[in-house]
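First to last, the protein sequences are chains A and B.
Using full-length UniProt numbering, read the first sequence as starting at 1 and increasing by one per residue.
Using full-length UniProt numbering, read the second sequence as starting at 1 and increasing by one per residue.
Mixed in with the good hints there might be a few duds.
Listed next, the stretches of chain B that the computed footprint assigns to chain A, with coverage defined by at least 3 CB atoms under 8 Å from CB atoms of chain A [claimed, not checked]:
id, region
1, 231-245
2, 356-362
3, 366-376
4, 381-390
5, 405-416
6, 462-476
7, 504-515
For each label pair, taking beta carbons as the anchor points, the in silico distance ranges come out as [to be verified]:
id, chain 1, residue 1, chain 2, residue 2, range
8, A, D67, B, L263, 40 to 46 Å
9, A, L53, B, I274, 44 to 50 Å
10, A, L80, B, D246, 18 to 24 Å
11, B, E242, A, L80, 26 to 32 Å
12, B, E96, A, E76, 36 to 42 Å
13, B, R542, A, D67, 30 to 36 Å
Hints listed in this document are in silico derivations from the structure and should not be mistaken for laboratory results.
Here a beta-carbon is modelled for each residue, glycine too, at the ideal position from N, C-alpha and C.
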Amino acid sequence: MRGARRTAVIVAFLAALAIGAVPSVAVAASVTEQVISRLNRQLLYLAVPIAVLVEAILAYTVWRFRDNDEPEPTKENRQLEITWTIATALVLLFVGTASFYVLAQPTVSTVLDDPQRNAEPGNAPEDAVEAHIVTEQWNYTFEYPEENVTTSESLVLPENRTAYLYITSEDVIHSVHVPELGLKQDALPGQYNLLRTEPTEKGEYRLYCAELCGRGHPEMLSTVQVVSEDEYERWLENPESALNESEANESSANGSATDGGP
Amino acid sequence: MLDTIPGVALAAIGLAVLAAYYRLRSDRPAMSFADGGTASVTVGLTGTEKPAGILRWFTTVDHKDIGLLYILFGTAAALWGATDAMMIRTELLVPESAVWNVETYNAVFTTHGFTMLFFFVTPVFTGIANYVLPLLLGADDLAFPRINAIAFWLLPPSLVMVRGGLITDVIGMVVGVLPVDVTLFEALEPVAMGWTMYTPLSVEMANPQISVALLGLHLSGVATTMAAINFIVTVFTERPPELGWDKLDIFSWNILVTSALILLAFPLLGSTLIMLLLDRNFGTTFFAIEGGGPMLWQHLFWFFGHPEVYILVLPAFGLVSLILPKFCGRRLFGFRFIVYSTIAIGILSFGVWAHHMFATGMDPRLRASFMAVSLAIAIPSAIKEFNWIATMWNGRLRLDAPLICIIGAMSTFVVGGITGVFLASVPVDLVLHDTHYVVGHFHLIVVGVIPLAMIAASYYWFPLITGRMYNQRLARAQTVLLIIGTFVTFIPLLILGYMGMPRRYGIYPTEFITLNQIASLGAFLLGVSVFLWLVNMIQSARVGPVVRDADVWNLKETGQFTREWQWFEDRLEERRGKVEPEGDPGSESETTRAVDPDDDAES
Numbered sequence: 001m002r003g004a005r006r007t008a009v010i011v012a013f014l015a016a017l018a019i020g021a022v023p024s025v026a027v028a029a030s031v032t033e034q035v036i037s038r039l040n041r042q043l044l045y046l047a048v049p050i051a052v053l054v055e056a057i058l059a060y061t062v063w064r065f066r067d068n069d070e071p072e073p074t075k076e077n078r079q080l081e082i083t084w085t086i087a088t089a090l091v092l093l094f095v096g097t098a099s100f101y102v103l104a105q106p107t108v109s110t111v112l113d114d115p116q117r118n119a120e121p122g123n124a125p126e127d128a129v130e131a132h133i134v135t136e137q138w139n140y141t142f143e144y145p146e147e148n149v150t151t152s153e154s155l156v157l158p159e160n161r162t163a164y165l166y167i168t169s170e171d172v173i174h175s176v177h178v179p180e181l182g183l184k185q186d187a188l189p190g191q192y193n194l195l196r197t198e199p200t201e202k203g204e205y206r207l208y209c210a211e212l213c214g215r216g217h218p219e220m221l222s223t224v225q226v227v228s229e230d231e232y233e234r235w236l237e238n239p240e241s242a243l244n245e246s247e248a249n250e251s252s253a254n255g256s257a258t259d260g261g262p
Numbered sequence: 001m002l003d004t005i006p007g008v009a010l011a012a013i014g015l016a017v018l019a020a021y022y023r024l025r026s027d028r029p030a031m032s033f034a035d036g037g038t039a040s041v042t043v044g045l046t047g048t049e050k051p052a053g054i055l056r057w058f059t060t061v062d063h064k065d066i067g068l069l070y071i072l073f074g075t076a077a078a079l080w081g082a083t084d085a086m087m088i089r090t091e092l093l094v095p096e097s098a099v100w101n102v103e104t105y106n107a108v109f110t111t112h113g114f115t116m117l118f119f120f121v122t123p124v125f126t127g128i129a130n131y132v133l134p135l136l137l138g139a140d141d142l143a144f145p146r147i148n149a150i151a152f153w154l155l156p157p158s159l160v161m162v163r164g165g166l167i168t169d170v171i172g173m174v175v176g177v178l179p180v181d182v183t184l185f186e187a188l189e190p191v192a193m194g195w196t197m198y199t200p201l202s203v204e205m206a207n208p209q210i211s212v213a214l215l216g217l218h219l220s221g222v223a224t225t226m227a228a229i230n231f232i233v234t235v236f237t238e239r240p241p242e243l244g245w246d247k248l249d250i251f252s253w254n255i256l257v258t259s260a261l262i263l264l265a266f267p268l269l270g271s272t273l274i275m276l277l278l279d280r281n282f283g284t285t286f287f288a289i290e291g292g293g294p295m296l297w298q299h300l301f302w303f304f305g306h307p308e309v310y311i312l313v314l315p316a317f318g319l320v321s322l323i324l325p326k327f328c329g330r331r332l333f334g335f336r337f338i339v340y341s342t343i344a345i346g347i348l349s350f351g352v353w354a355h356h357m358f359a360t361g362m363d364p365r366l367r368a369s370f371m372a373v374s375l376a377i378a379i380p381s382a383i384k385e386f387n388w389i390a391t392m393w394n395g396r397l398r399l400d401a402p403l404i405c406i407i408g409a410m411s412t413f414v415v416g417g418i419t420g421v422f423l424a425s426v427p428v429d430l431v432l433h434d435t436h437y438v439v440g441h442f443h444l445i446v447v448g449v450i451p452l453a454m455i456a457a458s459y460y461w462f463p464l465i466t467g468r469m470y471n472q473r474l475a476r477a478q479t480v481l482l483i484i485g486t487f488v489t490f491i492p493l494l495i496l497g498y499m500g501m502p503r504r505y506g507i508y509p510t511e512f513i514t515l516n517q518i519a520s521l522g523a524f525l526l527g528v529s530v531f532l533w534l535v536n537m538i539q540s541a542r543v544g545p546v547v548r549d550a551d552v553w554n555l556k557e558t559g560q561f562t563r564e565w566q567w568f569e570d571r572l573e574e575r576r577g578k579v580e581p582e583g584d585p586g587s588e589s590e591t592t593r594a595v596d597p598d599d600d601a602e603s
């Protein structure tokens with residue numbers, strides 16, 4: 001049993017080390033990213049120690065009982081079986097509950113508060129930015145119907161304002177995937193999907209297509225530019241040029257430089 | 001219409017081959033076919049020697065021969081699929097598209113998926129089950145030996161159809177040197193729509209090879225279903241009376257549950273493939289926007305696709321549960337709970353399909369319920385892991401290659417399983433879906449658990465199948481290398497996914513380069529390991545030391561000398577009683593037929 005105690009100490013140490021290895025998070029770039037990455041961190045705090053613990057027990061078992069001189073016959077132990085079944089169930093219950101709370105956030109699931117499931121464009125509140133993201137092989141078009149602006153350069157969003165992004169496709173299935181803003185929504189032909197978020201950090205973020213859409217798939221990249229409210233208004237006046245000077249300052253600061261495609 | 005012609009032609013050739021096969025066999029008395037080949041037929045054949053040479057392998061209905069054919073076919077497919085994998089990892093060594101162009105890259109990961117899922121994993125497990133399941137049960141053969149043979153012989157043509165684009169490309173390239181028209185060969189390009197074949201992309205792609213590949217997949221599904229029915233009937237009807245359900249071994253249990261999943265899932269895949277084929281060629285609108293819509297495909301496909309995941313992994317769990325106790329010197333801990341957990345996984349696996357579709361804009365209430373079932377399925381999976389560790393606890397572990405394989409499988413299963421829980425959580429999945437995280441997660445299982453279980457089986461039963469012993473030192477080194485390679489390859493993919501790198505990108509942003517190169521290095525380690533395994537298998541089957549004592553693993557002293565080894569011992573003794581036959585003592589001989597299954601049912 002002395003060995004067991006020593007193992008317990010080692011395992012506890014490993015688990016502590018593992019928790020330290022969970023990446024600390026930078027400032028969240030959007031409210032969506034904030035809630036999802038907080039959930040992810042909670043799950044990691046649970047999962048990494050469990051993984052380390054089980055692997056350590058496995059390694060210890062192999063080391064301790066290799067060429068064991070006094071093997072004992074297998075004895076059934078129903079209590080043990082029930083205990084670890086319930087323990088696993090409790091852990092997963094926590095995972096499910098925590099996930100459900102995040103899932104129910106309006107910035108994560110956009111249909112929950114809308115009994116009619118009305119994801120059709122034009123239903124965004126007055127104070128929100130409404131943008132349509134139209135995908136086709138192999139590029140993105142960003143439309144701002146209220147402002148009469150259409151661009152394929154990048155999606156420009158003002159900081160700290162709710163954005164309603166209506167996503168659709170002209171041909172095959174594409175996806176709008178902005179990892180740094182915690183956004184992912186498939187673009188399906190013939191229907192609109194709504195993505196709702198609020199960017200909280202100025203910067204330029206890469207936008208990927210995440211559903212295989214043919215030959216041009218890996219080059220179907222774009223950017224999301226989060227700018228200050230003033231800058232956004234200025235950009236709407238003149239979508240072609242106005243952003244360029246501020247972009248040079250921002251992009252170096254947040255490390256997500258322009259796309260790396262050739 | 002034009003694009004259906006190669007498919008129709010290939011199907012016609014397939015049918016002709018089948019007809020010829022029947023014609024060849026029709027010299028047998030017709031009445032022996034009437035019951036599809038139960039024990040009475042086998043008895044009827046006992047006196048018949050198998051034809052010599054290559055003809056034996058084309059005409060055999062012996063479950064052991066067909067098992068070996070399955071294993072050889074699956075291994076060949078695995079090597080082909082592994083070549084694809086090496087091509088993928090070579091391309092990803094550099095961010096730009098420097099080695100292959102994007103189209104080739106898309107084709108390679110598509111066929112990698114098809115080959116590994118449909119032509120490697122299930123055929124190899126079917127082969128192993130073919131060989132050992134009747135021996136474990138104490139049956140003289142599977143319930144339907146001829147259906148068994150047909151099921152196998154449908155697979156090679158279906159593989160050729162699925163991968164035909166590459167074959168025609170190569171033929172076109174070779175023939176193109178000559179002054180002949182090669183447009184026919186060039187029209188068929190390797191398929192590049194991803195193994196999930198999402199519509200509308202798979203409908204709109206012009207490449208006629210896609211239709212041929214769909215027919216090939218359908219054919220392979222038919223073959224898989226036939227084999228599954230055969231196993232179900234065998235387990236139900238071919239057991240000796242004293243072998244009750246409570247005494248059925250764990251591997252047979254897992255094959256039974258797997259076969260049930262196949263029976264329920266594969267016919268759906270078949271119908272879905274036909275609907276896609278009709279949409280592509282005859283203008284039906286099953287998956288068109290004005291018809292069923294693109295989501296219909298995803299629901300139908302994943303309703304098959306998720307049980308398929310467990311169809312792949314349950315036989316591996318069965319092998320781990322069967323072989324592990326043999327090297328621990330004690331019985332399996334919680335046998336009953338492991339069987340229950342297998343059945344639970346089988347049932348729950350039909351209720352989780354939509355977790356592949358969390359990002360499609362599904363109703364969040366639906367997403368929540370699929371999340372709940374997806375989390376629940378982690379419970380029986382965890383139970384297995386705990387039971388395996390408990391089996392080792394207080395045992396006497398002998399670190400031979402099979403046990404090292406199983407320990408490796410258990411360690412990759414922990415990481416592969418826990419990373420899956422993150423994907424079940426809808427919000428986290430929204431970020432990780434379609435990134436390299438997913439690729440890393442499932443490859444920890446499909447490279448970590450499944451091939452390790454197969455390799456454990458290959459070492460464990462190598463003496464029984466070949467009558468020779470493999471090189472144990474090389475086997476240990478190979479196994480350790482495979483475990484290290486798995487972690488080195490797929491842990492970086494998990495991190496890449498967290499960084500946001502999408503999957504199916506032949507060109508990627510430069511910041512992902514380091515982790516991709518580490519992953520490629522790991523993949524090459526895996527390649528070396530597979531090569532070492534292959535060398536060991538081939539060389540040892542040819543010149544390995546001949547096994548004289550059937551109790552290779554000292555199973556008698558712990559009371560685990562199971563039926564298949566008893567059968568092996570009887571066979572060795574019988575051969576020793578006769579004049580030592582000339583030639584290769586390892587190969588199957590006609591005497592195997594004569595063993596009375598009832599004699600060795602006692603153990």
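Cross-check of the supplied hints:
Note: the region 231-245 of chain B has 0 residues with beta-carbon separation from chain A under 8 Å; the three-residue rule is not met and the coverage is violated. Here's how the region 356-362 of chain B fares: 3 of its residues keep a CB closer than 8 Å to some CB of chain A, so the rule of at least three is met and the hint holds. Chain A is given as covering the region 366-376 of chain B, and this holds because 6 residues of the stretch bring a CB closer than 8 Å to a CB of that chain, at least three being needed. Residue count for the region 381-390 of chain B with a Cβ under 8 Å from a Cβ of chain A: 7. That meets the three needed, and the coverage hint holds.
Counting residues of the region 405-416 of chain B whose beta carbon lies closer than 8 Å to any beta carbon of chain A gives 5, which reaches the threshold of three, so the coverage claim holds. Closer than 8 Å: that is the beta-carbon criterion, and the region 462-476 of chain B has 0 residues meeting it against chain A, so the requirement of 3 is violated. Here's how the region 504-515 of chain B fares: 8 of its residues keep a CB closer than 8 Å to some CB of chain A, so the rule of at least three is met and the hint holds. Here the CB-CB span from D67/A to L263/B is close to 44 Å, well matched to the stated 40 to 46 Å.
For the pair L53/A and I274/B, the beta carbons lie near 48 Å from each other, so the given range of 44 to 50 Å is met. For the hinted restraint 18 to 24 Å between L80/A and D246/B, the CB-CB distance of approximately 21 Å keeps it satisfied. Range check, E242/B to L80/A: Cβ separation about 31 Å, and the 26 to 32 Å hint holds. One distance hint, 36 to 42 Å for the beta-carbon pair E96/B and E76/A, is violated here, with the actual separation near 59 Å.
For R542/B and D67/A, the hinted distance range of 30 to 36 Å is satisfied, since their beta carbons lie about 32 Å from each other.
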